[in-house]
Amino acid sequence: MEPSEKIQMALDVLEKKLSRQAVTSLAVCVHCGMCTDACHYYVATQDPKMAPAYKADHVRKLFKRHFDWMARIAPGWVGGRSLKSQEDLDTLKDVLFGSCTMCRRCTLNCPMGVDKALLIRIGRAMLMTIGEMPQGVIDVNEAQWTTGNQMSVTDEDYLETIEWLSEEHQMDVGDSRVALPLDQQGASVVYVVNPREVKYAPLTLLSAAKIFHVAREDWTMPTKGWDGTNFGLFSGDDALGAEMGKRMFNQVRELGGKRLVVSECGHGFRATRWEAPNWAKEDLEFPIESMLETMCRYLDEGRIKLDKSVNTDLVTYHDPCNLGRSSGITEEPRRLIRESCAHFIEMQPNRADNWCCSGGGGAMSMAEYTGRRLEVAKVKADQLRATGAKVVATACHNCVDALSDLIKHYGLNMRVTTVGELVADALVFERPPVVTEIEAPQGKGERVLVVDDEPDFVLYLSTLLEDNGYVVDSATSVDAAMAKLRESKPDVITLDVIMPGQSGLQMYEELRSTEEFREIPIVVISGLNPQEAPDSDHRQFIYERRFAPPPDGFLDKPVDQKLLMSTLRKVMA
Amino acid sequence: MPREGEAEMERFLDVLKDEVQIVALSVMALVYIIRIRWLMARTLASERTPPIGDATRAARRSLFAVAMPWTIESMTKHWATYVEFVVFHIGIAVTIAATFVIPYAPGLFESQAILVATQVIIAAAFVVGVIRLGRRCMRQDLRLMSSPDDYFSLVLLDLYLISAFFAVPNDNQWALIAFFGLTTFFLLYVPFSKISHYIYYPFARVYFGRHFGRRGVYPKVRGN
Numbered sequence: 096m097e098p099s100e101k102i103q104m105a106l107d108v109l110e111k112k113l114s115r116q117a118v119t120s121l122a123v124c125v126h127c128g129m130c131t132d133a134c135h136y137y138v139a140t141q142d143p144k145m146a147p148a149y150k151a152d153h154v155r156k157l158f159k160r161h162f163d164w165m166a167r168i169a170p171g172w173v174g175g176r177s178l179k180s181q182e183d184l185d186t187l188k189d190v191l192f193g194s195c196t197m198c199r200r201c202t203l204n205c206p207m208g209v210d211k212a213l214l215i216r217i218g219r220a221m222l223m224t225i226g227e228m229p230q231g232v233i234d235v236n237e238a239q240w241t242t243g244n245q246m247s248v249t250d251e252d253y254l255e256t257i258e259w260l261s262e263e264h265q266m267d268v269g270d271s272r273v274a275l276p277l278d279q280q281g282a283s284v285v286y287v288v289n290p291r292e293v294k295y296a297p298l299t300l301l302s303a304a305k306i307f308h309v310a311r312e313d314w315t316m317p318t319k320g321w322d323g324t325n326f327g328l329f330s331g332d333d334a335l336g337a338e339m340g341k342r343m344f345n346q347v348r349e350l351g352g353k354r355l356v357v358s359e360c361g362h363g364f365r366a367t368r369w370e371a372p373n374w375a376k377e378d379l380e381f382p383i384e385s386m387l388e389t390m391c392r393y394l395d396e397g398r399i400k401l402d403k404s405v406n407t408d409l410v411t412y413h414d415p416c417n418l419g420r421s422s423g424i425t426e427e428p429r430r431l432i433r434e435s436c437a438h439f440i441e442m443q444p445n446r447a448d449n450w451c452c453s454g455g456g457g458a459m460s461m462a463e464y465t466g467r468r469l470e471v472a473k474v475k476a477d478q479l480r481a482t483g484a485k486v487v488a489t490a491c492h493n494c495v496d497a498l499s500d501l502i503k504h505y506g507l508n509m510r511v512t513t514v515g516e517l518v519a520d521a522l523v524f525e526r527p528p529v530v531t532e533i534e535a536p537q538g539k540g541e542r543v544l545v546v547d548d549e550p551d552f553v554l555y556l557s558t559l560l561e562d563n564g565y566v567v568d569s570a571t572s573v574d575a576a577m578a579k580l581r582e583s584k585p586d587v588i589t590l591d592v593i594m595p596g597q598s599g600l601q602m603y604e605e606l607r608s609t610e611e612f613r614e615i616p617i618v619v620i621s622g623l624n625p626q627e628a629p630d631s632d633h634r635q636f637i638y639e640r641r642f643a644p645p646p647d648g649f650l651d652k653p654v655d656q657k658l659l660m661s662t663l664r665k666v667m668a
Numbered sequence: 003m004p005r006e007g008e009a010e011m012e013r014f015l016d017v018l019k020d021e022v023q024i025v026a027l028s029v030m031a032l033v034y035i036i037r038i039r040w041l042m043a044r045t046l047a048s049e050r051t052p053p054i055g056d057a058t059r060a061a062r063r064s065l066f067a068v069a070m071p072w073t074i075e076s077m078t079k080h081w082a083t084y085v086e087f088v089v090f091h092i093g094i095a096v097t098i099a100a101t102f103v104i105p106y107a108p109g110l111f112e113s114q115a116i117l118v119a120t121q122v123i124i125a126a127a128f129v130v131g132v133i134r135l136g137r138r139c140m141r142q143d144l145r146l147m148s149s150p151d152d153y154f155s156l157v158l159l160d161l162y163l164i165s166a167f168f169a170v171p172n173d174n175q176w177a178l179i180a181f182f183g184l185t186t187f188f189l190l191y192v193p194f195s196k197i198s199h200y201i202y203y204p205f206a207r208v209y210f211g212r213h214f215g216r217r218g219v220y221p222k223v224r225g226n
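Residue numbers (the working numbering), protein chains in the order written: chain A, 96 to 668; chain B, 3 to 226.
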């Protein structure tokens, strides 16, 4: 398509999006600059091009040039300007996708009430229509359309994972009769999750299962429409937003569920609870709750009791933007943390004034902006450092990812966890287990090929795996790893990303495209610091189609042993 | 000046202060009515989800947020800018009031106290206007986002304020001609410039309040 055709299509989209609220936000800005230092992009870089009003002006000037009948009298005089070339489209993409997480901190700090995030999203919708988006966003958008979930988890994978997690859940609660319920009719709670939990962070799903178990909740997960995330919110695709919502809503109806509960996912909850019913034009007959609200309800009803002495580290709480600034959820997580942790410290500022983690708005899927994302995360890093906390809890998986990255990047001595995991750890089991300790199964001599260029890490991992019943081969380079593979095929490969010579990314692509090795499960274990490799973002594995299928497991260094062992059990199952 | 010339000037000034202002005001009002109708013809995006906050109360509060600087972080952080905003807008309001007082209630400015107070307010607003212009020229982010209208509006307002300062004593024909000439120009120009932000302000704040209020985000929950 010629740039001029694309531009016209984009302008057609803009015209359709000009609601009264949008026009007001476009017309009322006085360029006072009060929003400038409310934005972490500006504060971290001091780049005037990161001022929110300037960024929003990229959409505003199109409005003034083409649709504002008063501004059109002399558009240049009032800042109206059209798009003219592919270069203009590229600039627009960089501003709308690469320079804003739509966190709305600027909106709350605007004396006029300009909703800049709304304008940025309108701009994204324009670019989405003409396919001008970062590759990760394109791929995830398509994945949700075609597979129903953002990580292209197949039905088979999902069911196998739930089955495996049921075994883990039995060990967790000491009861061999329990399982993660699927498609139970008439359940009180229909629980939807972030695919990241199914794929890479099963411990959070296990925590939720444990909480439901102790609360004796009548709950179920659906086999369809289980993805609680919604990339339509990030890409500006209202149709996708509506479709993702409808899939969940219809499942609740088909199952006769009483209430839809969304796991700890900021944008997922916001999109499901506040946006999708509008996009889909549906008035729902059942309530939608965040898992945070559900856990608070259990405390109110006395269905769960917590022992805060279990969590003794100093904990702080990061407010996900989509919960704190778009969904009014600020006090529930704080209550849960205060009741499940011995020591809690607020970061400053907090609640609706908290700083963005830098990973929102789909930023975690945009590999080309990783360097910038980490640069602007300095604001958050400074905020975390000032608390002196050892643990930062949050209620959003995007935030977990972003905070994990910035903690590594800025060398902070702390870890990230979800609120649910803290609550699950602090649960007081009042009824004794029916069956005593179910032991975690050990490896049965399965062969693991450890590929990593750090000899110390190889030694550590090899020892850990051998102690747990696995046979280990190792290689410190891709060439050595490929040679070992040709000698004997392992049952699973653990793969580092950055290595001298060929990278883990390249090896991954090669393995997935070679028939002989395609089916070998691969668990990526990466301590990647993008400063060392600015062109590599390990999340490309997860979000970009060229690496499909995505890794079977994904772990950050330093490795959580429990997560590693449960991941290996899962991929071997 | 010959008596005939003086009388002509008087008549010209009377027409400028009265009929011309009424015509210019009517044109402005007409443009604003068309503008508001154009805005209201746009679809109001509706919300179907059950609220958790009081949207009406939040909208009311949002409307007066500008008078509660402690509720917005940017206004507390930049309190000096906020004070400038207050001084500037009070000065503009007083100047606009003067366009009615001079022709229709000139006796008010015969009180020395009122006259001096008015001039002090206008002078303070002028000083703030110059500071604002300087800031717009000096700050990189403001320069980047500013259009010719942003600068021109400020220059115009500063000229308007200085002309008002000399006009309110109501004893200098040229000062009055300049003041009411600028007023006429303003009434015709403002609807097409960013100065007309005040007409959108109530809409923007109400929409903000309703949207964030029903979600329980606004008024903001304060905590430790």
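It should be emphasised that the hints constitute simulated quantities derived from the structure, not laboratory data.
None of these values were measured; they are calculated from a predicted model.
Hints may contain errors.
[Claimed, not checked] Across the chosen pairs, the derived CB separations fall in these ranges:
#, chain 1, residue 1, chain 2, residue 2, range
1, A, P98, B, P204, 35 to 45 Å
2, A, D477, B, T58, 51 to 61 Å
3, A, F524, B, W81, 45 to 55 Å
4, A, E349, B, V223, 32 to 42 Å
5, A, S177, B, I54, 53 to 63 Å
6, B, I35, A, K353, 48 to 58 Å
7, B, A115, A, E110, 54 to 64 Å
8, B, A31, A, Q103, 35 to 45 Å
9, A, S99, B, T45, 22 to 32 Å
10, A, E426, B, W81, 45 to 55 Å
11, A, G483, B, I54, 26 to 36 Å
12, A, Q280, B, P52, 49 to 59 Å
13, A, I168, B, T45, 50 to 60 Å
[Claimed, not checked] List of simulated lysine-lysine pairs, DSSO-like, C-alpha gap at most 30 Å:
#, chain 1, residue 1, chain 2, residue 2
14, A, K144, B, K222
15, A, K144, A, K111
16, A, K403, B, K222
17, B, K222, A, K376
18, A, K319, A, K403
19, A, K652, B, K222
Ideal placement from N, C-alpha and C gives every residue a C-beta, glycine not left out.
Taking the hints in turn, this is what the structure says about them:
About 40 Å separates the C-beta atoms of P98/A and P204/B, a value consistent with the hinted range of 35 to 45 Å. At about 39 Å, the beta-carbon gap between D477/A and T58/B misses the expected band of 51 to 61 Å. Our hint of 45 to 55 Å for F524/A and W81/B holds, since their Cβ atoms are close to 53 Å apart. Here the CB-CB span from E349/A to V223/B is close to 37 Å, well matched to the stated 32 to 42 Å.
In this structure the supplied range 53 to 63 Å is violated for S177/A paired with I54/B, their Cβ-Cβ distance being about 41 Å. Distance hint check for I35/B and K353/A: the Cβ-Cβ separation is about 51 Å, which falls inside the suggested range of 48 to 58 Å. Taken as a hint, the range 54 to 64 Å holds for the pair A115/B and E110/A, whose Cβ atoms sit roughly 56 Å apart. Checked against the hint of 35 to 45 Å, the C-beta distance between A31/B and Q103/A comes to roughly 36 Å, which is consistent with it.
Separation of S99/A from T45/B is about 28 Å and conforms to the stated range, judged on CB atoms against 22 to 32 Å. Restraint check, E426/A to W81/B: a C-beta distance of roughly 28 Å breaks the suggested window 45 to 55 Å. Take G483/A and I54/B: their Cβ atoms lie about 33 Å apart, and the range 26 to 36 Å holds. Between Q280/A and P52/B the beta carbon distance is about 25 Å. The supplied range of 49 to 59 Å is therefore violated.
Against the hinted window of 50 to 60 Å, the Cβ-Cβ separation of I168/A and T45/B comes to about 25 Å, which falls outside the hint. Of the pairs offered as hints, the one joining K144/A and K222/B holds, with about 29 Å between alpha carbons and a cut-off of 30 Å not exceeded. The straight-line distance between the Cα atoms of K144/A and K111/A is roughly 27 Å, inside the 30 Å bound, and the hint therefore holds. For the hint pairing K403/A with K222/B, the CA-to-CA distance comes to about 29 Å; that is within 30 Å, so the pair holds.
Our distance criterion of 30 Å between C-alpha atoms is met by K222/B and K376/A, whose separation comes to about 29 Å. Proposed proximity of K319/A and K403/A is contradicted: the alpha carbons are some 37 Å apart, above 30 Å. A hinted pair counts as satisfied when its Cα atoms are at most 30 Å apart, and K652/A with K222/B does not qualify at roughly 38 Å.
Checked against the numbered hints given earlier, this structure breaks hints 2, 5, 10, 12, 13, 18, 19; the rest are met.
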